[in-house]
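Q: So the sequences go chain by chain: X and L. First residue of the first sequence: 1, per our numbering; consecutive thereafter. First residue of the second sequence: 99, per our numbering; consecutive thereafter.
Please note that the accuracy of each hint is not assured.
To be verified - 20 Å max Cα-Cα, derived EDC-like pairs, lysine to aspartate or glutamate:
no., chain 1, residue 1, chain 2, residue 2
1, X, K88, L, E601
2, X, K93, L, D292
3, X, K88, L, D281
4, X, K61, L, D292
Stated by the list, open to error - Here are some, though not all, of the chain L residues that point toward chain X, as calculated from beta-carbon distances under 10 Å:
no., residue
5, A632
6, E633
7, D889
What the hints assert, rightly or not - Chain X is nowhere near these chain L residues, computed Cβ spacing over 12 Å in every case:
no., residue
8, R227
9, E234
10, N278
11, V371
12, E431
13, I561
14, L617
15, L695
16, Q860
17, F864
18, I868
19, V871
20, G890
21, R891
22, R920
23, H995
These are calculated hints, taken from the structure and not from any lab test. Glycine included, C-beta positions come from ideal geometry on N, C-alpha and C.
Next come the chains, spelled out residue by residue.
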Amino acid sequence: MPEVVQSANSEDYLHVTLTDEQEVLDAIGRLRDVYPNIMRLDFAVRQKTGTNQEKIRLEEKTPQELFAEFFVRQNGYEMNEAQQALVKEIWEKGGEEA
Amino acid sequence: MRPEKLTMCAFGPYAGKTEVPFSDFGDHGLYLITGDTGAGKTTIFDGIVFALYGEASGSIRTASMLRSDFAAATEKTYVELVFTYRNQSYIVTRNPEYMRPKTRGEGMTKEAADASLVYPDGRVVTGSRQTTKAVEMLLGLDRSQFVQIAMIAQGDFLKLLLAGTEERGKIFRKIFDTGNYLDFQRELKRRLLDTERMYKELQRSVGQYAEGIVLPETEFAKEVQVLRELQQQESIYHLPEIAEALQQLLLADQAKEAEREETEKALEEQISVLQEKLGRIRMVQRMQEEAAQKEEQLPDLLQQESLCAVRQKEAEQKQPYAEERLRREHALEVQLEQYKKYSELERRIQKLGEDRKKYDAYLQETAARRQRTEELLEEKRRLLQRAETSEQELKLAQEEQKQLAERQKELERIDQLLGWLSRQELRIRENEQAFARAQEYSTKLGVQYVEMEAAFLGGQAGILAEKLQEGAPCPVCGSLHHPEPARRSRSVPAEAQLRALAETKERALEQTRQLSEMLAGRRGKEAQCHQMLAEWGGAALAAKLLREETPKLKAAVTDNERRQAALTGQIRQSKTLKGTIQELEEAGQKLIQQQELCVQKRMRCEAELLECENQRTELGRSLPFAKEQEAKQALLELRRQREAILQESRLAAEAYARAKEQRLETSKALETLQAQIARSLSQKGSADQENPEQLAAQQGELYQKKEVLVREMNAGRVRIHTNGQVLQQLKKSAEKLSEARSRYEMLAVLSDTANGELKGKQKLAFEQYIQIVFFSQIIQEANKRFASMTDGRYLLRRREMAGNLSSKSGLELDVFDYYTGRIRSVQSLSGGESFKASLSMALGLADVVSQYAGGIQIDSLFIDEGFGSLDRESLNQAIQTLAELAGSSRLAGIISHVEELKERIEKKIVVNRGTSGSTVSFS
């Protein structure tokens, strides 16, 4: 992108906004090579912060459902009926004790 | 929840009543709580937390330490908070438990913790615990959640930012209550271990069962070989094979058992045939022995019989002796009757002798009694005679009594006269004196009257002269001139006085005359009395007589009375005496009769006695023995001798009969035996040839064979029974084992998944997974603020992968630096950046907590310290961030002593520390 680079005075105090859609490695370092007085760097496209896992809404699910999901995530398959029954029993027992 | 006004009294460093009107700071923006360290900045927040929940914000600031040390003894410690919630106003008041001086008397007393909450509608809840519960219900937050949301405290900043998975996990567990998930994990683990233990126990029991298989030592080599090999190996893995082999063994064993039973039956039959043969041979032998024995006995028995016959004859010859003795016995028995009569006579004689003695004694006694009666009679008669003389004496005494009475009357008369005379004389003397006094008085009055009359008459001239007037004629002289009228004497008596005196004089004269008459009368009576006394020679002699005679007479009277009483007593006695005498005479008569009767009886007795004695002598002469006893003994002796003879004869006869019978029996038995032997021998001609010893040997062999067989059979049965049971147990265990195994497998997957122990996978436990969800949400919320605080340079990220698969991970924090495009640890951030990051995290956490508490909006929050480490630029950004954070709906109180903040923030609460507690000012 030499044309973009040359469109500004390299000694200017700049506020740079990068429009790259991919992550740019060491963006500030490479920019300072050209514009040593760079003041601020912004990104047009923000990095995603987390995976789908974090989107789970805890308050909408029962502990049993949460565990079922967790089980699938960890093992790649669902619990069989006996396991579901056992999980249910333990939670219900715990609920009584609490 | 927005605090409107906080009132603290004697609370923490605030000695007196301190009010903080939060409502004055508006409903949004920043204000600063500043002041020296330790002055009580944080206490303001503590006050709010305490009012709501009864505990301070930090766990160290316990409720009991909340009373101010500066507080006056009488000052009450309490906190009152007015707050709005959903635009409604509430008031909560609370005091901690603390010691205060007693209102009366000395010493301290405990003020109990108390609280109340006033609802907008005026409803009130009281009581410390109830109020706390009501506040929790109202706000939907417990204390730790409230503190987390409403207060971002000094220490929590970095802790939240830099903590590792483990530590952060603990924080989340507390705030989000993820302990349930941990309990769930542990429960699964526990059940897994239980199942494993059970499975191992089953394995062990299978091993034991397999070892319990009983293997035959010699038979079924093939099956045994298989089983033995299987036993060597781990039995559980070859359970089906073992069961199969065991089944085979059992079947073979059972078949063999049936075979053995057959063989045993055959043996039994052989043995019984032999037994019978042997029995017959032995019986003949026994009979022959017996016959020989009897033959031997027979001659002895014959000899015995003849001997007994001789003895019997001898005994019969003694019979006449016995008869002779019997005759003598009869004679003696007759005589024994006579003995009875003899002893009767003796008894009678003795009785009669005793009777005679009794009569003699009675006679003697009667004579004595008669004499006593005579003597008594004599005495009584004498007494009666004396009583008769007493009556004459009584008459004399009565006469004497009359004379004495007359004399007494005479003396009384004298006494009367003398008394009367002396009284008369006394009166005459009095009368004479009275007469003399009256005469004197009368004379004196006569003189007085003459004098008074003269004075009265003399005084008349003066009285007249008083009435004289010049020119008026004098009533006496008629002269008209009165040159010298008589003067009125001062003591001229009045006419009335004169008349009164004349009357008195007359009365005195009259009295004198009366007295004179009375005196003359009395003197006459005195003379009369003297005349009467002249009978006893005058008054003097009479008085003497009276004096001397009176006591004598009295004594005589007393004596007379006593004598009369005695005599009367004697006369009365004489009546009873007469009765007694009659009785005694009758008694004497009776005694005489009795005596006579007794004498007759005694004579009869005597006659009978003589008669009896004669009879006795006669009878005694006719008896052979002196006494009956001797006769009896002689009789017994005779009887004994006779019986001995008879006995001897009887015994001899019996002995003979017995000997004879025995001999006959023996010879008869011998004959029978001989006949039987002959019969047996003729019947079993063939049996004779068989050798009994050979037969016994044959039998012994058969027995041995049978014994071996039975032993084998027993072993076989035990084996079949045991192995059958083992087989059953093994089958049962096999089922249980497969059940346990499938349960274990199922549980293992669950537990490993829940506890993050899956092989070859990330070590992610269930609780952690849940915490990661919270964590990610917090990061998301944090990034919203952190991005703007760092001009979009940084982004917080959860570290996806741990350093290795084996350690717990998932709650670590990294930061993405856009400038470099690299991810690095949050620990590499500078101080200012760290502040921003941790503030963001804290706010993010507060947001997430309030989300999960049902969207609770905390409209007011506090930020405690943490600004000291910021450079100027960072501080600016932080304040800006906070201002933005407060925005249009939140009010944020910053607790700090950093100078620059004081310049930057307008609204301030300044806490000043003083010597007697802190004070608060506002600007």
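Q: Each hint: holds or not?
A: Status of the hints after comparison with the structure:
Between K88 (chain X) and E601 (chain L) the alpha-carbon distance is near 159 Å, which puts this suggested pair outside the 20 Å criterion. With a C-alpha separation of about 17 Å, the suggested pair K93 (chain X) and D292 (chain L) falls inside the 20 Å cut-off, and the hint holds. Using a Cα cut-off of 20 Å, the hinted pair K88 (chain X) and D281 (chain L) holds, with the two alpha carbons roughly 14 Å apart. For the given pair, K61 (chain X) sits about 30 Å from D292 (chain L) by alpha-carbon distance, which is inconsistent with the 20 Å threshold.
Of the supplied interface hints, the one on A632 (chain L) is violated, with its beta-carbon coming no nearer than about 153 Å to a beta-carbon of chain X, more than 10 Å. Annotation: interface hint on E633 (chain L) violated; nearest CB of chain X at approximately 150 Å, more than 10 Å. The interface hint given for D889 (chain L) holds, since its Cβ lies 6 Å from the closest Cβ of chain X, which is under the 10 Å cut-off. Remark: the non-interface label on R227 (chain L) is consistent with the geometry, its nearest Cβ contact in chain X lying 20 Å away (cut-off 12 Å).
Non-interface call for E234 (chain L) relative to chain X: holds, since the shortest CB-CB distance, roughly 17 Å, exceeds 12 Å. Not every CB of chain X is more than 12 Å from the CB of N278 (chain L) (nearest about 6 Å), against its label as outside the interface. In this structure V371 (chain L) is separated from chain X by more than 12 Å, as the shortest Cβ-Cβ distance comes to about 71 Å. Non-interface call for E431 (chain L) relative to chain X: holds, since the shortest CB-CB distance, roughly 118 Å, exceeds 12 Å.
The Cβ of I561 (chain L) lies farther than 12 Å from every Cβ of chain X, with a closest approach of about 153 Å, so its non-interface assignment holds. With a cut of 12 Å on Cβ distances, L617 (chain L) stays outside the contact zone with chain X, its closest approach being about 148 Å. Every CB of chain X lies more than 12 Å from the CB of L695 (chain L), the least distance being 126 Å, so the non-interface label holds. Taking the minimum C-beta to C-beta distance to chain X, about 8 Å, the non-interface status of Q860 (chain L) is violated against the 12 Å cut.
Separation of F864 (chain L) from chain X is inadequate, the least Cβ-Cβ distance of about 6 Å not exceeding the 12 Å criterion. Some Cβ of chain X comes within 12 Å of the Cβ of I868 (chain L); the nearest lies about 7 Å off, and the non-interface call is violated. Separation of V871 (chain L) from chain X is inadequate, the least Cβ-Cβ distance of about 5 Å not exceeding the 12 Å criterion. Non-interface status of G890 (chain L) relative to chain X is broken: a Cβ of that chain comes within 12 Å, the nearest being about 6 Å off.
The Cβ of R891 (chain L) does not lie farther than 12 Å from every Cβ of chain X; its closest approach is about 7 Å, which violates its non-interface assignment. Its beta-carbon lying about 7 Å from the closest one in chain X, R920 (chain L) breaks the requirement of being farther than 12 Å from that chain. The beta carbon of H995 (chain L) is kept farther than 12 Å from every beta carbon of chain X, the shortest such distance being approximately 33 Å.
Comparing the model with each numbered hint stated earlier shows that hints 1, 4, 5, 6, 10, 16, 17, 18, 19, 20, 21 and 22 do not hold.
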